[in-house]
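Participant: Sequence:
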Amino acid sequence: ILIAYFLQESGQEVVVLEANEIASGQTRNTTAKITSQHGLIYHDMIKNIGLKNARIYANANETAICQYKKIITKEGIACHFEELPSFLYSLKEAGIVKLKKEAKAAKSLGFDAEYVRGDKINDLPFGVMGAVRFGGQAQFHPLEFIQQIAEKLTIYEHTNVLEVDEHFVITDRHVVVADNIIFATHYPFPIVPGYYFLRQHQSRSYAIAIEGESVPERLDGMYYGIDRDGLSFRHADGKLIVGGGSHRTGKKMGGFCYLREQIKKYYPNTTEKAYWAAQDCMPHDGIPFIGRFSMKHENWYVATGFQKWGMTTAMVSAMIISAQIVGK
34 ILIAYFLQES GQEVVVLEAN EIASGQTRNT TAKITSQHGL IYHDMIKNIG
84 LKNARIYANA NETAICQYKK IITKEGIACH FEELPSFLYS LKEAGIVKLK
134 KEAKAAKSLG FDAEYVRGDK INDLPFGVMG AVRFGGQAQF HPLEFIQQIA
184 EKLTIYEHTN VLEVDEHFVI TDRHVVVADN IIFATHYPFP IVPGYYFLRQ
234 HQSRSYAIAI EGESVPERLD GMYYGIDRDG LSFRHADGKL IVGGGSHRTG
284 KKMGGFCYLR EQIKKYYPNT TEKAYWAAQD CMPHDGIPFI GRFSMKHENW
334 YVATGFQKWG MTTAMVSAMI ISAQIVGK
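The sequence shown begins at 34 in the working numbering and counts up by one.
By construction, these hints were calculated from the structure, which means they are not laboratory data. Every residue gets a Cβ at the ideal spot worked out from N, C-alpha and C, and that includes glycine. Some hints could be false.
[What the hints assert, rightly or not] So the derived label-pair ranges between C-beta atoms look like this:
#	residue 1	residue 2	range
1	K85	H191	43 to 49 Å
2	P249	S57	28 to 34 Å
3	E246	Q312	51 to 57 Å
Let's have the full structure, built from the sequences with the hints guiding it.
Facilitator: In structure tokens:
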């Protein structure tokens with residue numbers, strides 16, 4: 034939807050083909066944190082791809098946050114957009130070293146980031162050993178945002194794309210001819226070329242929204258635990274969204290059972306209002322695939338491998354791909 038929005042804004046004729054209904058998959062099943070803090074990544078990223086490339090990744094995601102704010106202001110969208118800091122935290126002493134390294138790496142990339150002692154974190158239902166605070170982050174309601182953005186676009190829902198051959202998109206009802214074709218399908222369905230099924234795997238994660246007397250009306254930030262069994266937290270319209278229990282898809286793990294045990298432990302006498310699960314594409318090197326689909330198809334583009342950070346990465350994809358298509 035964001036790619037289509039940018040292309041249409043630049044004067045292109047664009048259609049979106051959707052097999053089901055827009056925002057009915059990953060966009061709906063999210064915690065909707067608009068953050069460039071993508072877990073414990075920047076220390077390792079600098080080591081693996083260098084300071085320059087890590088800074089490009091960081092700047093792109095910081096720009097994505099600004100773009101959401103810009104679009105929301107320009108279009109007058111009411112979507113519970115709220116600017117908040119984002120925290121990585123650990124309950125373990127061993128996590129302090131990791132967090133301090135991450136804070137140092139983040140600062141070297143230009144982030145408003147700092148290490149925070151555990152006794153300064155008061156939002157969570159347990160004590161933490163330490164945290165990294167990223168300033169200038171945000172959260173919102175993605176369905177409210179999408180609903181208003183989509184009103185400007187030409188979208189064909191319940192239109193299943195069966196095959197794509199050069200400039201021809203073959204659906205279950207029609208053939209669409211296009212100068213450029215973008216596979217923004219979460220998991221790219223063409224096997225050859227690209228071979229994306231070999232270059233990423235799927236990861237399952239879970240979230241539950243609760244309310245009750247022991248639930249804080251709001252938090253001072255968004256929180257993500259770096260420990261193996263860590264939990265994530267954000268407030269949403271008087272409710273608390275608790276996430277966690279991630280595992281590689283296909284492995285038998287705790288899932289909702291684990292999450293409900295944690296909620297019962299830390300937030301007794303609360304009511305479960307909603308629950309959902311997401312399935313994320315995890316690229317082999319931790320960097321999303323954004324841009325040309327393959328060397329063989331100059332007019333094909335792809336956006337996938339967002340890991341668990343689809344809000345900012347979707348915006349980054351939209352900025353990159355729309356710019357490539359219009360020759361910027």
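Participant: Which earlier hints can't be squared with this structure?
Facilitator: Violated hint (a single one): 3; every other hint is consistent with the structure.
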